[in-house]
Amino acid sequence: MSRLNAHEKKTVTFKLNGLPVRADAESRMLLSDFIRHEIGLTGTHVGCEHGVCGACTIQVDGAPARACLMLAVQAEGADIRTVEALSPGEGRLSALQAAFKRHHGLQCGFCTPGILMSLDALISARPDAGRNEVRDHLSGHLCRCTGYVTIVEAALSALDEIRREVKSNV
Amino acid sequence: MKPAAFDYLQAATLDEALDALHEAGGDARVIAGGQSLVPMLNMRLARPAVLVDIMRIEALQKIERSGGDILIGAGVRQAKLEAWPDLANRLPLVAMALPWLGHVQTRARGTVCGSLAHADPSAELPLSLIALRGSVHLRTKRKKRTISAEDFFLGMMATELAEGEMIEAVSFPARADGTGYGFNEIGRRHGDFAITAVAAIVTEHSASIAIAGVDDRPRRFDVPLPDDSGLDDALNEIAWDLNARDDIHASARYRRELVRRLGRRTIEEAAACLA
Ligand SMILES: Cc1cc2nc3c(=O)[nH]c(=O)nc-3n(C[C@@H](O)[C@H](O)[C@H](O)COP(=O)(O)OP(=O)(O)OC[C@H]3O[C@@H](n4cnc5c(N)ncnc54)[C@H](O)[C@@H]3O)c2cc1C
Ligand code: FES
Ligand code: FES
Chain H
1 MSRLNAHEKK TVTFKLNGLP VRADAESRML LSDFIRHEIG LTGTHVGCEH GVCGACTIQV
61 DGAPARACLM LAVQAEGADI RTVEALSPGE GRLSALQAAF KRHHGLQCGF CTPGILMSLD
121 ALISARPDAG RNEVRDHLSG HLCRCTGYVT IVEAALSALD EIRREVKSNV
Chain U
1 MKPAAFDYLQ AATLDEALDA LHEAGGDARV IAGGQSLVPM LNMRLARPAV LVDIMRIEAL
61 QKIERSGGDI LIGAGVRQAK LEAWPDLANR LPLVAMALPW LGHVQTRARG TVCGSLAHAD
121 PSAELPLSLI ALRGSVHLRT KRKKRTISAE DFFLGMMATE LAEGEMIEAV SFPARADGTG
181 YGFNEIGRRH GDFAITAVAA IVTEHSASIA IAGVDDRPRR FDVPLPDDSG LDDALNEIAW
241 DLNARDDIHA SARYRRELVR RLGRRTIEEA AACLA
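So the protein lines, in turn, are chains H and U. Mapping to UniProt numbering: the first sequence position 76 is 76, numbers consecutive. Mapping to UniProt numbering: the second sequence position 227 is 227, numbers consecutive.
Just so you know, these hints were derived from the structure itself, not from any lab. No experiment lies behind these values; they were computed from the predicted model shown. Among the clues, some could well be false.
What the hints assert, rightly or not - One-sided and incomplete, this derived list gives chain H residues near chain U with beta-carbon spacing under 8 angstroms:
hint	residue
1	ASN5
2	ARG28
3	HIS50
4	GLY51
5	GLY54
6	LEU69
7	GLY140
8	THR146
What the hints assert, rightly or not - Only pairs whose alpha carbons sit at most 25 angstroms apart, straight line, appear in this in silico BS3-like list of lysine-lysine:
hint	chain 1	residue 1	chain 2	residue 2
9	H	LYS9	U	LYS80
10	H	LYS10	U	LYS2
11	U	LYS62	U	LYS143
12	U	LYS2	U	LYS62
13	U	LYS80	H	LYS15
14	U	LYS62	U	LYS141
15	U	LYS80	U	LYS62
By construction, the Cβ of each residue, glycine as well, lies at the ideal position given by its N, Cα and C atoms.
Isolated chain H (complex conformation) (with noise of 0.2 angstroms):
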């Protein structure tokens, strides 16, 4: 069994976007709080702190998770993807991303980096996915800017052009 006191603080370990990363943490750390404060991304977003906006959605061991519903040290020996591990490579973006740009699938982008995480769980997860998955997936996020119907176009015209990509490398 593993105790730590209250004010102890605790190195956690684990994988973030395919890196080992650690620091230390009191129990009472949030994992989104450890991730923005303590290792530094601020990708993830924070909205409400009880597991109802989405914002701070991220992915820990492949399923899209809230990041303000863990605590850091629940998190050790976790495989974690943050919204910084979708581009691949300075500069450029991933399909999702991309699509999310040509549909106007933001606006304050406030709530992206959740959805994304959640999007691309389901692509990865389902590239036959369909609007009512897109739309299953969505219900866990909350965007006060855009009204939804861009955010699930984009999500319709990334899925095509993976599955297009699929096909034509077979």
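Since chain H is already given, all that's left is putting chain U with the ligands on it; use the hints.
Leaving out everything else, chain U with the ligands in the frame of chain H:
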């Protein structure tokens, strides 16, 4: 919106978790998926001195057949049950209810047993367990007991769980031949907590419904078969019998109307699966 300080224990075995709960008594809380507890910690509606994390206990990760039941361990996340290949066949009612439980993102972490322990009056899994007349396996350092769902849920976020006690597993009775199941829910948005949710179970000779979101806990009733002229009266009586209240989401009157209409529709859908 940050939690107050707490000691954090990550248990490697069930015995370690039970020892820790026993030692800390009323000051300790189990943390499972964290999807209800962490919001409460963040808002400081809960300030436990000790959190006992049970998610790395291998023995609690099981989904298995046990007689006519499906036994689900306290470490099983909702997404894992949703992906279980036998779900639609063995637990059709749970298969219908799960997609309504929060969102993909919360089901990835939240557990089946955590939802039972949390005992929200409108939650889908407590409703399904009540409808199926399942049972909950509880355990302390010293003793084990199994109690029926009917006896487990006591009221609004109140259960039979005692100090130092945790849920080890839950038993959902598996699908029986010649039985039809139905589930419906009305909420503001898909994934929000239900204003009212209804589960129905119908055989050739019997029908029952269970209702969540109206009273302070899910409740189950035997009802006449769908082609019986007495069904509407029975549903009306149930609607009045449940302690419907006005709240920010809906009026008591609207909830009673949902019991009548959603009740009938769900029973009819369950009967239609029989044919
Ligand atoms: C945005 C959002 C939407 C949601 N929508 C819904 C919804 O529509 N329907 C619904 O039912 N739920 C909903 N939930 C809550 C659901 O996601 C939780 O997963 C569930 O209620 C609790 O399970 P958990 O494993 O996350 O438990 P935790 O949050 O870890 O624990 C919850 C409580 O149960 C106790 N507990 C947990 N496991 C045990 C155990 N084995 N023994 C004893 N005590 C235990 C904890 O001490 C705590 O008091 C929603 C949550 C969020 C954030
Ligand atoms: S900040 Fe995590 S869901 Fe809103
Ligand atoms: S783009 Fe502003 S909240 Fe979604």
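*Which numbered hints are broken by the structure, listed smallest first?*
8, 9 and 12
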